[in-house]
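Colleague: Sequence:
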Amino acid sequence: MSINYQADVILDKSQDYCFVKVGEMGLVSARSPDLVCNKKFQHLVYISAYSSKLVHIPIVARTTGKIIVEITGRTQVDKETKKIPFNVVADGASVNVHTSFLLDMTSQALLLKYININVTDDPIIPYQFYRRFVYGSPQAMFTVIGDVVGVPDFDEENIVTYSSLSIARPAKSGELFMFNFAYHYFTLNYLRLTNQLNAKSTRKWLQLLNQDYVYQITYFKDGAFTMFQREGSVWLSAYCARIYYMAQYPEWENDLFIDPTIIEQAIKYVLKYQNPAFGYFEEPEKNASYYRYTPIALTAHVLITLSRIGSLPGNVGVEISNAKKLAVTYLES
1 MSINYQADVI
11 LDKSQDYCFV
21 KVGEMGLVSA
31 RSPDLVCNKK
41 FQHLVYISAY
51 SSKLVHIPIV
61 ARTTGKIIVE
71 ITGRTQVDKE
81 TKKIPFNVVA
91 DGASVNVHTS
101 FLLDMTSQAL
111 LLKYININVT
121 DDPIIPYQFY
131 RRFVYGSPQA
141 MFTVIGDVVG
151 VPDFDEENIV
161 TYSSLSIARP
171 AKSGELFMFN
181 FAYHYFTLNY
191 LRLTNQLNAK
201 STRKWLQLLN
211 QDYVYQITYF
221 KDGAFTMFQR
231 EGSVWLSAYC
241 ARIYYMAQYP
251 EWENDLFIDP
261 TIIEQAIKYV
271 LKYQNPAFGY
281 FEEPEKNASY
291 YRYTPIALTA
301 HVLITLSRIG
311 SLPGNVGVEI
321 SNAKKLAVTY
331 LES
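In UniProt numbering, the protein residues as written are 1 to 333.
None of these hints come from the bench; they were simulated from the model. All figures in this text were calculated on a predicted structure; none of them were measured in a lab. A hint or two may mislead.
Derived pair list, reagent style SDA-like, types lysine to any residue, alpha-carbon separation capped at 20 Å [what the hints assert, rightly or not]:
{"no.": "1", "residue 1": "Lys324", "residue 2": "Glu283"}
{"no.": "2", "residue 1": "Lys82", "residue 2": "Ser52"}
{"no.": "3", "residue 1": "Lys268", "residue 2": "Asn315"}
{"no.": "4", "residue 1": "Lys272", "residue 2": "Thr226"}
{"no.": "5", "residue 1": "Lys221", "residue 2": "Pro260"}
{"no.": "6", "residue 1": "Lys53", "residue 2": "Met25"}
{"no.": "7", "residue 1": "Lys40", "residue 2": "Asp8"}
{"no.": "8", "residue 1": "Lys204", "residue 2": "Tyr249"}
{"no.": "9", "residue 1": "Lys39", "residue 2": "Pro58"}
{"no.": "10", "residue 1": "Lys82", "residue 2": "Pro58"}
Derived DEER-like restraints, expressed as beta-carbon distance ranges [as the list claims (entries may be wrong)]:
{"no.": "11", "residue 1": "Val60", "residue 2": "Phe278", "range": "54 to 64 Å"}
{"no.": "12", "residue 1": "Pro85", "residue 2": "Ile3", "range": "31 to 41 Å"}
{"no.": "13", "residue 1": "Met141", "residue 2": "Lys79", "range": "43 to 53 Å"}
{"no.": "14", "residue 1": "Phe228", "residue 2": "Gly314", "range": "28 to 38 Å"}
{"no.": "15", "residue 1": "Val28", "residue 2": "Lys221", "range": "50 to 60 Å"}
{"no.": "16", "residue 1": "Asp255", "residue 2": "Lys221", "range": "21 to 31 Å"}
{"no.": "17", "residue 1": "Ala300", "residue 2": "Val60", "range": "47 to 57 Å"}
{"no.": "18", "residue 1": "Thr218", "residue 2": "Leu54", "range": "48 to 58 Å"}
Where a beta carbon is used, it is the ideal one built from N, C-alpha and C, also for glycine.
Given only the sequences and the hints, what does the whole structure look like? Please build it.
Modeller: So, in structure tokens, the structure goes:
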């Protein structure tokens with residue numbers, strides 16, 4: 001004889017989560033769902049003999065961290081309760097913001113009670129489906145880097161790199177490896193100028209710079225530095241030439257040798273992309289929508305490099321001098 005059993009599925013009340021009521025045809029509004037909060041919710045189903053039914057229980061968390069969801073199944077003849085643990089993490093995409101302060105602590109300490117970091121309060125982008133972040137998903141990480149250029153003491157477990165700044169999601173590129181080289185070089189140079197270097201730390205810093213240098217050379221192609229090992233980049237080639245020229249220090253030459261031909265080839269590549277009539281620099285595939293590749297910004301960036309670099313062999317020095325004059329004329333016009 002076939003008997004239909006009456007079964008209750010009960011979601012216990014909790015301050016940690018809410019039940020999401022599903023409307024007709026299974027529709028739920030993602031922006032304003034119908035929620036049942038801090039109340040016990042009961043769902044009645046009928047189950048035929050020798051059969052089973054799957055009951056979905058949609059919930060939304062109201063807090064982050066560990067929560068316990070308690071569900072009870074009850075019939076005329078039996079009852080069972082399950083407590084299911086969940087680890088709720090913040091939802092949405094990360095929003096990275098940063099600010100800088102110049103702290104003069106040569107004479108006395110300085111106490112800052114408030115730091116103004118621009119964090120958008122409203123996630124809604126007008127006339128767009130996407131949102132800047134998800135409501136009710138707060139999670140923040142606060143990082144402070146100081147001592148002029150960061151943490152000067154060599155610590156293998158806490159070496160500052162591009163990814164540790166949390167400015168943007170890191171990806172393997174020529175720009176990322178060059179940032180690491182430049183940051184470590186400026187740290188080493190700061191320690192040298194302030195008489196904080198010793199033989200042991202100098203050797204470790206130079207080993208780290210050699211690693212960064214080897215990684216970066218893999219992005220050197222056809223006389224230019226590339227972002228992703230494809231076409232050359234005028235911006236990156238100028239930046240690499242500037243930093244590598246500054247890193248040529250006689251006392252370090254035996255431990256950190258920067259090939260001067262790489263600097264020369266990078267400069268020659270950059271000079272090829274100067275407009276001879278107007279004096280501005282441009283990328284091989286110019287993207288004018290990106291501020292860094294606009295003629296004014298890129299020309300100023302290259303001019304800084306040409307001004308920092310001293311003498312180079314051959315006719316390159318003459319070409320640099322002429323290029324600087326054209327660039328200055330363009331920027332002043």
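Colleague: Hint check: Lys204 vs Tyr249, CA-CA at most 20 Å. Holds or violated?
Modeller: Satisfied, since the Cα-Cα distance of roughly 16 Å is no more than 20 Å.
Colleague: How does the Cβ-Cβ distance of Pro85 and Ile3 compare with 31 to 41 Å: does it lie in that range?
Modeller: Hint holds: Cβ distance 35 Å, inside 31 to 41 Å.
Colleague: Under the criterion that the straight-line Cα-Cα distance not exceed 20 Å, is the pair Lys53, Met25 satisfied?
Modeller: Roughly 19 Å between the alpha carbons, so the hint for Lys53 and Met25 holds.
Colleague: Does Asn315 sit within 20 Å of Lys268, going by the straight-line distance between their CA atoms?
Modeller: Holds, at about 10 Å.
Colleague: Hinted pair, alpha-carbon criterion (20 Å max): Lys40, Asp8. Please report holds or violated.
Modeller: 12 Å, holds
Colleague: Assess, step by step, whether the Cα of Lys39 is no farther than 20 Å from the Cα of Pro58, and give holds or violated.
Modeller: 14 Å, holds
Colleague: Against the range 48 to 58 Å, how does the distance between the Cβ atoms of Thr218 and Leu54 compare: consistent or not?
Modeller: Once the Cβ atoms are compared, 53 Å apart, the range 48 to 58 Å for Leu54 and Thr218 holds.
Colleague: Is the straight-line distance between the alpha-carbon of Lys324 and that of Glu283 20 Å or less?
Modeller: Distance ~17 Å between Lys324 and Glu283 Cα, so the pair holds.
Colleague: Are the Cα atoms of Lys272 and Thr226 separated by 20 Å or less?
Modeller: 16 Å, holds
Colleague: Given the range 43 to 53 Å, decide if the beta-carbon distance of Met141 to Lys79 lies inside it.
Modeller: 45 Å, holds
Colleague: Taking 20 Å as the top limit, are the C-alpha atoms of Lys221 and Pro260 close enough?
Modeller: 16 Å, holds
Colleague: Is 54 to 64 Å respected by the C-beta to C-beta distance linking Val60 and Phe278?
Modeller: Hint holds: Cβ distance 58 Å, inside 54 to 64 Å.
Hint violations for this structure: none, all hints satisfied.
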